[in-house]
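In case you want the letters, here they are:
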Amino acid sequence: MSDTLPLSIINNRRMDRWLAFQPADRSVRLAVGKVEIGQGVLIALSQIAAEELDVDVGRIDILSGDTDDAPDEGSTSSSQSIEVSGRSVRLVSAELRARILGRLAQRLNCAPDDLSIEDGVFLQHGNPTGHDYWSFSAPEDFAADVTGTATPKPPAQYRVVGQPVPRRDLIAKVTGAAFIHDMVRPDMLHARVLRQPSRQATLTALNEAAVRKAARGDIRIVRVGDFVAFVGADETAVQRAAVAAPAHATWAGVRPLRPEQQEAAWFRDQPADDRHFGDPPASAEGEIVSQTYSRPFVAHAAIAPSCGLAEYRDGHLSVWSHTQGVYPLRNSLADILGLRRDQVTVRHAQGAGCYGHNGADDAALDAAIVAMQMPDHCIRVQWRREEEFGFEPVSTAHMTRLRAVLGADGRPVDWTAEIWAGSHVQRPVFGGHMLAHEALPNRPGAPKANDPSEANGGGGTRNAFPLYDVPAKRVIHHLALETPVRTSSLRGLGALPNVYALECFMDELAERAGVDPVAYRLSFLSDPRARRLIETVAERCGWAARGPSATGKGLGLAWSRYKNKAAYACVAVELDVDREVTLRRVWCAADAGLVINPDGARNQLDGGIVHAASMTLKEQVTFGPDGIASLDWDAYPIMRFSEVPEIDTVIIPNPDQPTLGMGECTFGPTAAAIGNAVAHALGVRIRDMPLTRERIAAALVG
Amino acid sequence: MRIVLTVNGQPVNVEVDETTPLLDVLRNHLGLKGTRYGCGLEQCGTCMVLIDGEPCYACAREAGTVTGRSVTTVEGLGTPDKPHPLQRAFLEEQAGQCGYCLSGILLSAKALLDRNPNPSRAEIVAALDRHLCRCGTYTRIIAAVQRAARMGAHA
Ligand code: FES
Ligand code: FES
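Protein chains in written order, with my numbering: chain A, 385 to 1086; chain B, 135 to 289.
Everything labelled a hint here was simulated from the structure, so no lab data went into it. Any given hint could turn out to be false.
Stated by the list, open to error - Far from chain A, some chain B residues (derived; all Cβ distances over 12 Å): (1) Leu139; (2) His163; (3) Gly165; (4) Gly187; (5) Arg203; (6) Gln228; (7) Asn250; (8) Ile275; (9) Met285.
To be verified - Which stretches of chain A does chain B cover? Using the computed rule of at least three CB atoms under 8 Å from a CB of chain B, they are: (10) 415-423; (11) 553-560; (12) 652-665; (13) 788-799; (14) 1027-1036.
By construction, the Cβ of each residue, glycine as well, lies at the ideal position given by its N, Cα and C atoms.
Next comes chain B alone, as it looks inside the complex (with noise of 0.2 Å):
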């Protein structure tokens, strides 16, 4: 079936069978790598990604649903040259190790700032709290979503 739908607020279709996972289409069919796959179970968050601005699990996410939806992916934050201030708060905290799980809560953090610019760490917590860490840098991620509020990041 034909998808339609706008990624990074570009339109695009694909191709594809209504039961796809999001996450292949937006790996293998848009090559945006930056969407991670760690369990396709919706329970690690390295697939996150935002629909409309909600972050919303890809893995298990059918492509048939999103048709007509807006996604957003990392990559629609910013790149290497021009990062998004919440990109850059990360970098500047260091905010990572393996830096695996990062991309997904970055999209976590952003949907959290659009709506609270200026949350505190219990409700930082709370919103990222879908993700797992593996090595257990949480103590900089929250630093570096309080930085990156600082900085404004939701403009």
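The shape of chain A in the complex, shown without the other chains (with noise of 0.2 Å):
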């Protein structure tokens, strides 16, 4: 039992924003803040539900990111969906089946010991008792607060949390329409827009005939400031529209980007907030070792452009999205718009993967803004591919120093991070703008530079403190105050850099005293969770028969904590350099505390080891003098088919530890590994990412 409610609760204390019985199919409704974004989320709290209710998981029918009928749970982000919204719907649903069984045994005289539930049916010592939960709850059930009070199941009597229930969201994906680009509303027109080339560009001039003559279709042109949008019935048209109008365009004021903004290093001479965190400077004596690590600006770039629908009718304006958080989205719109809150309307609709903050909420205004000029249709806003790549909030370029002061074992007795960064996120909670607003007459002064606090597991400092036995550890923050681009979260934020960093650093630490990377980190590693992961893989990949260095095949390994609060995970990996990489196999051992669906867990690992291999070894966002230059996927390679390496993984049970997210946990570790087998497999360290084929030369060059 839990001594304070979670958030998600104390923001939604009222039993029935979470649950109903629905008699007429006899299901169950559960409505919850976060958001389906492919993690399969929406199945684990469904188990969570049907756990606790004693129902089987399929009556759940699960609503879900809606600002009349779900739950307010902020942002569906950072691995917290199962740690934060789980355990709300685990209380939740454990109070209700205490409460509507306390007033059965009241009403039976009997002790609710003496009842249980069998798929939702109430038996008094196993025999029926003409009630369920569809007769017998009351409205006074669900008009009370929830307290938090009663003690849910423990993992020994799980029957449907720890199994891999299938997901319902696969079927309609692998069939039909599914998604929210499928949608189709009543009077639907279809709008792309033309985009301002950067911030603060003011459009002096738009060939609208030439546009439409491109057109080829009936369109209509909206313009409100320096946002333009074609509109139309037919989406052919429209497009067309789109791709021609930037030649029609004249622009002034546009910042044009320079390629040296591309790269990390950049950073290290922009103005800055600098913190500090942890011990005070160093007085320790002893050989001191420095090495800086970094990754380039990445994008999330989903497979599909991102897209939003609105509609405003009657004064009220409602929107449908792939976003994150439709509260959030909402009370941005409504700000935005010159709304009130209670005006707007956002529901989820799902996308593709995203992965972080990308250009969904983007669209949806978007979408919200021509809805406003054209009432009672539906807007849908489709993005362009050129668009998602070009627009899309990207994440920051990253660049981290490590400095040890080694004891006379060759182990640090004193360690410092620094980093240069921009800020890992900027939702417009933090300070950050959405795209088209910067085009409206009412457009926003400069972004605020920020990142989510320490407590919240920071974001460039993510990960930054090692959590090996160094006596003397401190973080240093270079906060740059601006950003060439828009930069908000992607998929870890700090933790892929800064673990690349860590764990490469460590090899470089092992090699110099003389010792076996891995043995050199379990000779200061205390925490028994990461020892286990750790021998674990070591184990599993042959790490003792490992071979001689620069004989072009490498194996490396390195692990991390989320966070450092949030899930384990070891990686280990196995490859071959020629004039490239070609990853061969992976092992990974993960330990999430209670796994809700391990199916589903283990898909988001290997997906996540798939992801931040493809992002070590080929992605960088290349600027040029119109903006973001890298605009397709021939521009901006990702891993296909034919480079996915054997996946191996491994989920170490431990029900009995709390839950902890796990959608990010083998991201730097990955990234880590790969970048310590790529150095076995050389004889030399590459301590910038991505590994591409010229940086691999430049090393062996020298």
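Each of the two chains sits in its own frame; use the hints to bring them together as a complex.
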């Protein structure tokens, strides 16, 4: 039992915000604020409710992400869904069950312990009572506030939680319409947007006749300030208009990007908010070792360009979005459009996997702006591929310099991580801007540099503190006041570049000390859960038989505990380096405490490995005079079928430990394990991602 | 121009400009939303359909070039009530995260199994390599195609 209520419950106290019994089909309505972004969260939350209520999981009818009908749980991010929302659903379901059974016990004049529930049907000493949830629950059960006083089931009694229950959304996705992109509404019109080439650019001329001619169909051109949209019933025509429009538009005040700004090192000379965490400056004596590692700007690069639908009818704005947070989006839309919050409803509809703050919210604002100009139509904005690559918020370039003072045994006695990066989160609640807002007459001032607090895992500082037993540790974070392009959250924020730095540095220190890298790590790591993972992976990958270095074949290993408080993962990678890197095999062990759905968890762990490998080996957003220059899949290649290694993942069972979010936990360790394996294969270290053919050639030349 | 073609076994005719992408014809004129827009550049594979049994990108294919041809979309494989063995195999393997890439991949997999009922892993990878999956579900997708082959999905 927990002492404090989860934030989700504190913000949504009434039971009826969460649960309802629907007699018509004997189902249970579960409303949650977290949304499906491909991570399988909805089936996991359904399992938790089914478990505590003792109903078949098939009866759970889940409603997620709806500002009218579902609770406010902020954003779906940072592996928080199961930790926070899951705990809330568990407490709420256990409490409703206890409350209803308590009333039934009174009615039957028996002890609550005499009662049990089988698939929603109430039994007394195993015999039918003639009552069930649907007949016996009463309005009073739902009008009450959740107190968090009921005791959920002990894990040993779980029947549904911990089982690989299949997801329910996949059937639609493999047979037909399933996504926001596929929605059809009455009076629907298609729209495309002409984007401002950069913040503060103003439109001085637009040859509308030329755009109309290119459209070869009926379009309406909607202009609000420097925001321009092409709208019509024929999607093909508005698409043609949007493709042609940039050539017919003239802008003033465009801020061109320069290629040097695309490198992490650029941040070293930029004005920054300098923040210090941890122990005071070092006085330790010993040999000093320092190395610098970096990752460039990278894109979410969702497989589907963003889409948003909006309609303004009778003074009310209804919006559909694949946003990570319907409430924060509703608040931003209301503020920007000058509406009261109760005049705006935002509903979640599924999009492609987002991995963070991508263009979803921006597409919703685009649609809303047009809808306000064209009431009584549903406006569907579909971003183009080059628009997604060119205008979604990207993840900031990030440079980490590590400095260790070594003791006589070759282990660090003092540790400093110094970080240069832009903001890792620029959602509007963090002081960032929505894209089209910058084109409107009421455009905002300069965005604020900001990052999540340390209590929330930090942004640039995420995973910067090593969990090794080092007597003194500190982090210095230079949070750049400005970024050349909009930056925001992407899977794990600073964790990937920081773990890459930390775990590559560990191998470098081990080599210096003349000690095997795994033995070196274990020699000053006391966390038993971490040790167990490292030992498990070392065993599975045949670490003991690791060959000599510089043969072209590499084996590398790395681990981390995401945010230093969520799930643990250890990853080993076997690869070949010829002119470029070919991944052969990956071994992974993870410990996330109680796992709700092991099949879904494994899917996320493996997906994180592939995503991180792609980022480490291939990905970089490039800049040109006209803005972001990597605008298609040729310019921004990602990992493909033919490049994917065999992956062997085990989840260490730990059902008595609290559930830890695991969507991001393989991310940093995969990057660093690849870095270490490449160094092992080459006999030379590459410290700047991505580890491309060019970087390998340069490293070999020395 | 009037375009006459066969879609999922049914004869259809639509009145469109001949340069309209087949993707728009399928999605907007015929309401078949399972064929998805990802890039419009023949780079990602989310729009893959079969034209006379061959996998083709629908995004850059002009409608005028498919007149008289036979097009198969994911809706033509099976329905939620009566899924095709390939669709069943993908569900049984839970081969998907967001799922956006899957409908196109299913069609490339169908073409593969139709001509090679027992493909090796390497043959599956080669047949699917035009498709991107940003969620990184590749390994499961390969396993799903192998499962479908065992189920006799070509039948
Ligand atoms: S949409 Fe056709 S290949 Fe990407
Ligand atoms: S499952 Fe999301 S892109 Fe493949």
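Verdict on asparagine 250 of chain B as a residue remote from chain A, using beta-carbon distances over 12 Å
Given that every Cβ of chain A is farther than 12 Å from that of asparagine 250 of chain B, nearest at about 16 Å, it holds.
Count the residues of the region 788-799 of chain A with a beta-carbon closer than 8 Å to any beta-carbon of chain B: does the count reach three?
Not satisfied, violated; 0 residues make the cut.
Would you say leucine 139 of chain B is clear of chain A, with no C-beta pair closer than or equal to 12 Å?
17 Å, holds
Quick one: see if chain B covers the region 553-560 of chain A, three-plus residues with Cβ-Cβ under 8 Å.
Three-residue rule met by the region 553-560 of chain A, so holds; n is 8.
Holds or violated: the region 415-423 of chain A covered by chain B, criterion of 3 or more residues with Cβ-Cβ distance under 8 Å?
Holds: 3 residues of the region 415-423 of chain A have a Cβ under 8 Å from chain B.
Interface exclusion of arginine 203 of chain B relative to chain A, criterion Cβ beyond 12 Å:
Correct as stated: the minimum Cβ-Cβ distance to chain A is 20 Å, above 12 Å.
12 Å Cβ clearance of glutamine 228 of chain B from chain A:
6 Å, violated
Is the Cβ of methionine 285 of chain B farther than 12 Å from every Cβ of chain A?
Methionine 285 of chain B is indeed farther than 12 Å from all Cβ atoms of chain A, at 15 Å.
Does histidine 163 of chain B clear chain A by more than 12 Å, comparing its Cβ with all Cβ atoms of that chain?
10 Å, violated
A cut-off of 12 Å on Cβ-Cβ distance, and glycine 165 of chain B was said to be off the interface with chain A. Does that hold?
8 Å, violated
Closer than 8 Å Cβ to Cβ for three or more residues is the test here. Does the region 652-665 of chain A pass it with chain B?
violated (count 0)
Go check the region 1027-1036 of chain A versus chain B for me, would you? Three or more residues, Cβ under 8 Å, otherwise it fails.
Per the Cβ count (3), the hint holds.
Violated hints, listed in ascending order, are 2, 3, 6, 8, 12 and 13; each of the other numbered hints is respected by the structure.
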